[in-house]
Amino acid sequence: MSELVIKNLHVSVENKEILKGIDLTLKNGDFLALLGPNGHGKSTLLAAIMGNPHYKITQGTITFDGQDLLKMTVDQRSKAGLFLGFQNPYEIPGVISADFYKSMINVRNENHLSLYKFYKTLEDTTKEVKIPMEMVNRSLNDGFSGGEKKRNEILQMLLINPKLAMLDEIDSGLDVDAINVVSDCINKQRSLGTNFIVISHYARLFDLIKPNRTAVIVNGKIVVEGGPEIFKRIDEEGYEWIKKEYGVNIEKEDKPMNSVSIGVCATKELAKNGTK
Amino acid sequence: MELNNSILNKENYSVIVDNSLNINLSLKDISSEVSFVVLDNQELNLNIHDFNTDNQLTFYVNKFSKVNVKIINDNLDKKIAIKGDVKDSGEINFYFADFSSNNLDLVSNVILEGENSKGSFRFSSVANDKITKKYNVGFDQIGHKSSSEFIGYGVSLKTGEIDAKGITHIEKNVVKAVADQKIKVILFDKESKAKASPTLRIDSDDIIANHACAIGSLNEDHIFYLKTRGLDESEARRLITMGYLIPLEEYFDKDDKDKIDSYIKENF
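Protein chains in written order, with our numbering: chain A, 1 to 276; chain B, 1 to 268.
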C-alpha cells in the first residue's frame, strides 16, 4: 500500500512562483498521466516531491504513506519508496555505473547482496531493458546516447523496486523499439504494485502503459482531472479546448520579443513592422 | 626485477638500459639521485615505491624507445625533481598516484627534443588536512611533431591545498606539435584550497594546443542525482570524488591498484 497526498502546494524557483496550489492524491494502484503545456509546472511538481533543493516550497504539504515528506532528506524519500526518472539524467564521469548500482541497492538492504547475486541481478535486469552488460562498467551516463540514458533510468527503477515511480518524459529520445522495451518494463513494474506518475507529451507511450488517471497542469495548477479520455483528447485537439471549456488563459512560456533586438536588417524590420 | 648491482653503476648511480626491462625501484635502498639512459629501441617500465626526502630522477630516452614511470607516493614529506630528454620517436610517460598524508613538492621538466617525441604526466592526488601538494610540470617542445600531455586530478580535504602548475613551451619554428593540459581540483570542504595554472607558451603557429582548468566544489546536481537513489550526502560525495581519482588506476598493475584503492578509502 502506498498513498501520496499533496495539499495546496506552492513552489518557487528563484523567487518566481511556478506551482500555485496543487492538490493531488495518489492511492494504491493509481497510474497518473501528467500533462500540460511546456513550462507550466509538471517537472517542478516531480522535483518538489523528490526534494530538489533548487525548488523552494513556500506553502502546502506533501505526505507519503502518512510521513511528512517535507521533513525528509532526498535520500530518505528515496528509501521510503520514491523514484524519480530524470528527463535529462546527469553524466557523472568517473563514477562507474556498477559501483553506483551496488551502493543504491545496498543502502536499502541491511544484508548487503553478495557479489554473485548482485551481478546476477544486474545481468537479468540489463537483459530486460536491453542494455549491453558491458555498459555497467562505464562511467554513469557518460557518453551514453539519449536513449541509453533513458533505459538506464528504467534499469535503476527496476533495481530499486519503488512504491511510487515518477518518470519525467521517459519517452523523449527513444526510438519505436526502445519505447516498446521501456513500456514493457513499466508494465512489469506496475504489476508488482508500484504506483506511477508519468509525464509525456505523446499518446503513443500512454497507449502502451495505459494510465487509469490523467491530470493537466496549466499555469501552476491542476485544472483538469479525469481518466484516459483526457490525454486522448489532448493528443487530438491540443490544449485549446481547456481554454474554452474551463475559461483558463494559458500563459505562454516564452517572453515577448524586446523592443531592441539583435539580428540582420530583415529581422529588425519584421520585428518593427510585422510581417504584413 | 629489482634494481640490482648488475645494472647499477654505483659511481654515478646511473642505469644503462640496453634491453627492455621492468624494474621495481626503491630509492631508499640506493641513492637520492638516479639516472636512466635508455638506448635506442628499448622499453623501460619503472615502478617506484620508496623515496628519500630529496630525490632526483633523470631520464635520457633515445630513438624509438619508450619509458613508463609509475609512482605511488609513500608516507614521507619529500621533494622530487624529474628531468627528461627525449629523442626522435621516443616516449616518456609518468603516472603519479599520491594519496599520502605528507607534503609534496614535485618539479618535472621534460625536453621533447626529437621529431615525433612524446611526453605525458598524469597525476591523481589528495591533499589532506594541513597538507600541501605542489606539482610543477613542464614540457619544452623542440622537436617537430612532438606532443605533450599534462592531466591532473586532485582533491583538497579540510585545510589541505593542491597547487598545480603546468608550463608547456613550444619553441620557435616547431611544426605540427600538439600540447594538452587539463587540471581539475575539487575543494571538498569549505576551508580547502587549490591553485591551478595551466600555461602554454607558444612561439610557433603551426601547432595544436589546448588547456583547461577547473577548481570548485562538487556539482550539486550530481549529488542530488545520487541522493535520489538513496545515497546519503557523504556517500554521494565519496562516490563522485573517487570517480575523479580512480581513473589513474588503469595504468597500474593489480597489486598497485589495490594499494591505490586502500589509500583512497583511507582518505574518505
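Rather than coming from a laboratory, the hints here were simulated on the basis of the structure. Fair warning: there could be bad hints in the mix.
Only part of the chain B face toward chain A is listed, based on derived beta-carbon distances under 8 Å [unchecked claim]:
#: 1; residue: 218
#: 2; residue: 227
#: 3; residue: 231
#: 4; residue: 239
#: 5; residue: 243
#: 6; residue: 250
#: 7; residue: 253
Cβ coordinates follow ideal geometry from the N, Cα and C atoms, glycine included.
Quiz prompt | Hint numbers contradicted by this structure | solution = 1, 6, 7
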